[in-house]
Every structure is written in structure tokens, then in C-alpha cells.
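> Listed below are the residues making up each chain.
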Amino acid sequence: MAVSLKQPELTQPAEQVKSAFEIAHPVYSELRTPLILGRKPYRQVTVDICHLLDSKAGRGWWISLAASLLLLVAGVVAAVHTVNTGIGTWGLNRTVGWAFDITNFVFWIGIGHAGTFISAILFLFNQKWRTSVNRSAEAMTLIAVMCAGVFPIIHMGRPWLFYWVLPYPNTRGTLWVNFRSPLLWDFFAISTYFTISAVFWYLGLVPDLATARDRTKSKLRKTFYQVLSLGWNGSNRTWSRYETVYTVLAALATPLVLSVHSIVSFDFATSLIPGWHSTIFPPYFVAGAVFSGFAMVMTLMILVRKLLHLEDYITPQHLENMCKVVLLTGSIVALAYITEIFTGLYSGNPNEIFVIINRGLGPYAWAYWIMFGCNALLSQLFWFKRLRTSIVAIFVLSILINVGMWFERFVIIVTSLHRDFLPSSWAMYSPTITEVGLLVGSFGLFFTAFLIFLRLFPVISINEVKGVLGYARH
Amino acid sequence: MRDIESAKAVRFTAAFFENEGDLIGGAAEARLAGFEIYDVYTPFPVHGMDRAVALPPSRLTWIAFLAGALGLVFGLTLQVWTSAYDWPLNVGGKPFNSFPLFIPVTFELTVLFSGLIAIGVLFARNRMWLFSKRKVFERVTNDRFVLVLKQSDASFDMEKAVNLFARHNAINVVEGDQFV
Chain A
6 MAVSLKQPEL
16 TQPAEQVKSA
26 FEIAHPVYSE
36 LRTPLILGRK
46 PYRQVTVDIC
56 HLLDSKAGRG
66 WWISLAASLL
76 LLVAGVVAAV
86 HTVNTGIGTW
96 GLNRTVGWAF
106 DITNFVFWIG
116 IGHAGTFISA
126 ILFLFNQKWR
136 TSVNRSAEAM
146 TLIAVMCAGV
156 FPIIHMGRPW
166 LFYWVLPYPN
176 TRGTLWVNFR
186 SPLLWDFFAI
196 STYFTISAVF
206 WYLGLVPDLA
216 TARDRTKSKL
226 RKTFYQVLSL
236 GWNGSNRTWS
246 RYETVYTVLA
256 ALATPLVLSV
266 HSIVSFDFAT
276 SLIPGWHSTI
286 FPPYFVAGAV
296 FSGFAMVMTL
306 MILVRKLLHL
316 EDYITPQHLE
326 NMCKVVLLTG
336 SIVALAYITE
346 IFTGLYSGNP
356 NEIFVIINRG
366 LGPYAWAYWI
376 MFGCNALLSQ
386 LFWFKRLRTS
396 IVAIFVLSIL
406 INVGMWFERF
416 VIIVTSLHRD
426 FLPSSWAMYS
436 PTITEVGLLV
446 GSFGLFFTAF
456 LIFLRLFPVI
466 SINEVKGVLG
476 YARH
Chain B
913 MRDIESAKAV
923 RFTAAFFENE
933 GDLIGGAAEA
943 RLAGFEIYDV
953 YTPFPVHGMD
963 RAVALPPSRL
973 TWIAFLAGAL
983 GLVFGLTLQV
993 WTSAYDWPLN
1003 VGGKPFNSFP
1013 LFIPVTFELT
1023 VLFSGLIAIG
1033 VLFARNRMWL
1043 FSKRKVFERV
1053 TNDRFVLVLK
1063 QSDASFDMEK
1073 AVNLFARHNA
1083 INVVEGDQFV
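Those protein sequence lines, which keep their order, are chains A and B. First residue of the first sequence? That's 6 in our numbering, and the numbers climb one at a time after it. First residue of the second sequence? That's 913 in our numbering, and the numbers climb one at a time after it.
Mixed in with the good hints there might be a few duds.
Capping the alpha-carbon separation at 20 Å, the derived lysine-lysine pairs in PhoX-like fashion look like this [stated by the list, open to error]:
#1 A:K61 to A:K227
#2 B:K1006 to A:K222
#3 A:K227 to B:K1062
#4 B:K1062 to A:K224
#5 B:K1045 to A:K227
#6 A:K224 to B:K1072
Hints are computed from structural coordinates only; laboratory data are not their basis. Keep in mind the model is a prediction, meaning the values are calculated, not measured.
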């Protein structure tokens, strides 16, 4: 005979129940600001996050989804047109053989750096504020990496043969892939990054899926969460092993985050093109990636906290902390820009000197100064606490930073190529409508997937937030 | 759960708490009083719980280390064998065994093997899988903390247990054959 596991439900409304933690830790420290506002009891956290999944989607969600799908359709049309007709539908020419789609690829990969930075590096540094943002930042990472992956696959021209980059025994010899090529390293780096980020995200989700499973009334949803939560029952033995593996994954993902954009930068740095052939590229790219990724997290979090009413969970303090990361990485990026100018002009190499002058004063100077202004100058505004704590300022600046970071990749790629060693082959590049369609489509994919994520999974890590409710109450 | 078939005849005692402070106190005292702690169920990882119930550290770190070593050896072997032995190709005059250029892929494969195998072993060790029918204490994934004692022999003193947990603000203590 099994004893009934039912217990009487508390009858008071949640707001009036004193938080269990408050009973246990009655002293409230004024020295530290609590991470989660509202002094919530545990079950209030469950209710606040899970009701987003149980309730019907609002009109705003459907309108956003329709708009995102429209963008996605534009991208699909552009992709089909490209694959059907060929890469000739793009604005590339013999001089500028790499332009828009590699820009988009590096841009999205960069965006994808914040999630795992937040979940792995900030975890190892014991930054407890990460708990409110890590779930959605990791989801953003996964989606951004997917968006990035689309571009090189389309650029292959015959995307259905993309598996040729895998070293598998084949009927061509066996002809192996060239392991000396940074483009191949890129494939390994990005697929590993995607896989590890995905399992890391899923592992963090399992206990929360169990919470959703035990709450939801809908049969379909219950089955969905039942299957994905893998029979999670909160056993301490399980938690103990879970935390061990979570830490191991964080330790593995930390160098992985740094490796991915380093390897992306090798695509350029190992070539002999002036403007690309530079030893500062790996740290410069990694800092830029974290910079743009955090800016994107801030843009999304400001929208999410407002639209889903999560102001108590994603507080101005979280945004301010992220602003500080943006300020630091933005300053590294600014330092890299200045270093590039200095080393170029001081190199004594006429080609290097020419590339630097051509960037700042040549036909693409407008792009260079958008990049310099948005990244190196605007990010410095976060030295002012008033701007770090103003939601409107953060929102505007975070978008401008990503505009700047998109232009950074465009400047690096196009201005280094368009005036090469032979002046008779100098050319200009401008994107065609097909290429713009692909960029628009990648934003459509990004927002569509993010909106679906918001409806299917707990948007904030419920179990981790419960673990930090007592922060500042000791 | 461990040995659930053979444990059919054994009875268990479950104590329910409202917060982790009481749970840790109750668990530590129960262990010192000689009770056998079967398991503890919590909505989030409670720090200090492992020490309170004297749970040894997990050996999964070693699995992850060995899996990483396997990935490293596999990555290096794959690249050296394909590039220098199976079909050596002259690429830009670089040596067939271009060892330094093999480091990035080796690193990625080390991380990939270590992460995937560690998480696979974690799921296997915890018997977590898609169609798991494991039972769950009500509200334990929400805001309830449960301590389960195994009544190892007939001398199990239920009254002593109830008094002990009452001192730690347990909201309920029940007895049963099998809970989860």
C-alpha cells in the first residue's frame, strides 16, 4: 500500500504567505540588493514563470510571430532563388569574393557568444545574477548559431552536399578533408559549440520541465514535459550528480566559447590579405563577439521583462551588470581598433598602410565610421550610471551597438578585399536584393524561433532562481 | 530508484519541510541519531545537503576526464592518420603531419567527447530517460522539501523520528511502503 502523496494546499493567496526562506532567515541585509525583487516565496516563482506556459498566447505574441514568419518567408524565397540560380544572384565579383553572407555569418556567431558566456563563464565566477537571464540567453545563443550556420551552407551553392566537410569514408578514394584549413576548423568549432550549448541548455531545463510537468493541466503539454523531463523527481543524489556534470560542462564550455570566435578569426588571420593578416584577431574577435552578444541579450531582455511582466526577475541591476560587461568588452574592441590603426601605419608595409587609410577615408569610410562610432564611442557612454540604469538608454544603445558590430564585420571583410594588390582589379561591392533578403530572413528565423521558445519552455531558470532567492537575506 | 524491487518489504518514513534550512537541520540530526537516510527530494539543489546526508562526491568528473582524453586521442589519430598516412596530400607545401594545425580540431573533439559522454553517463546513472515512469512527491518540484528515511529494521522508532522532525518544523511526517 502506498501512502497518498497528496498534502493539503495552502489556502491563503501567495502574497500573504510569508516566504519559507524569510522564516528561516529573518535578517534582511540592506548592504546587498536582492537579485529577485518582491520577496517572493518559492511557489510564487513557480507560478510567475509557469503561468506564461499555461496561459493562452496573447494577441501581441501572435502579431510578433506573424511578422517574424513574414521575414522568414522572405529569407526562404531568397535562399531558394540563390540555390536554384546560383551564387551569381549575389553582388560578389572577382575582387570581392566574400562579402555579405560571411558578414552575416560572423555577426550571428558573435551574437551567439553571450549565452554560453553567461551560463558557463559567469557560473564559474559565481555570478549569481546570471540565473535570471541564462535560460533565455542560452536559447538566444542556440538560435543565433542556427542563423549563422545557414549562411555558409547556402554559400556552398550545393547545400545538400554540406556533409562533405565531415571526414567520413567515401567513394572518392577515400579523399579526406583538409585538416590544415581554418574553414574546416570552423566547421568543427561551430558544430561542437552548438552541440555543447544545446546539451548544456537542455540539462539546465530538465528540472524546470519537471516543474512544468507537475503543474500543467493540459494533457498534450503534460505529455510533452513528461517526456522531456526524463522522470526528474528532485532526488538529492540526482541533484548532486547533476551539479557535478553542470560544473564540468561549464568548465568545458568556457574555453569553448573563447575558441569559437578565435577560430572564426583564423578564417581571416591565417590569410595574407592586408587588413586580415593580424595576430590581434582572436582576442579582438572574441571581445567583439561577447560585446555584440550582450548587447543582443539586453535588447531581448528589455523586451521580455516588459512584455511578459518579469520586472521582478530581470531587474535594472541585471541590466546594469550587463552594461558593465558591454563597457569592458567595448573598450577592448576600441583598443583593438586603435591598435590596428597604429600597427598598420607603423608597419612600414605600403599595403598595410594603404588598407588602414582606405578604411578611414576610402569609398567605404561611411561604414568604417558607423562601426567606430557605434562600437568604440557609444559603448563608452556606459561609464555614466544614469545611462546604465536607464532602460530606454540601454535599449537604444544595445541596438546601435549591434548595428555597429554588423558593420565591423562588413568593414573587415569588404574594405580589405575591394582594393587588392592590383589596382586594375579594384572593384566596389554592394549587396543585391537577394542578399538583403537572406539577412532579413535570418532575423525572421531568429525571432520566430525565440517566440516559440517563449511559449514552450520556462523562460527563466525556476530552480536556479529559487536557489538565489535568499541572496542578500543572510 | 535503487533496488526498488527488493525494497518492497521495507517501510519508509517521509518528512515534509517548507524550507531548506529546516531540511538540512533535520537530515543532519536524523543521520547522527542513527537513522538511515534513503534520499532527499528538493525543488532546487540545496547546498550543504550532500554533507548533511554524508553523500560522497560524484565520480562523474573522472568519466568526463577520461572521455575528454579519449576525444583527444581520437582527434589526433584521425588527423595524423588521414593527413599523413592514408592519403597524404601536398597542401601549400606544408608537412603531411602538420601537427600544430591539428590542435584546433583536437581541442574541439576533446570538448565534444567529454561533454556528450559525461551527460550521457549522467542520464544513464540517474536512470533518466524519455519514458521514465518514476513517481514524484507532490509539490517537490515546486516548494516542498522531503526527507525519506529507510526503516532498516524492526527497531525503527517512529515516535523518535516524528519528534526529531517536529523540532525542525516538519509540516508532516508519514509512513509508507514505497513513495517514489
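> The structure should be examined with respect to each hint, and the outcome stated for every one.
Consistency of the hints with the structure:
1. A:K61 to A:K227: holds (15 Å)
2. B:K1006 to A:K222: violated (63 Å)
3. A:K227 to B:K1062: Since the Cα atoms of A:K227 and B:K1062 sit roughly 31 Å apart, the hinted pair is violated (cutoff 20 Å).
4. B:K1062 to A:K224: violated (34 Å)
5. B:K1045 to A:K227: Distance of about 13 Å is within 20 Å: holds.
6. A:K224 to B:K1072: Distance ~43 Å between A:K224 and B:K1072 Cα, so the pair is violated.
When each numbered hint is compared with the structure, violations occur for hints 2, 3, 4, 6.
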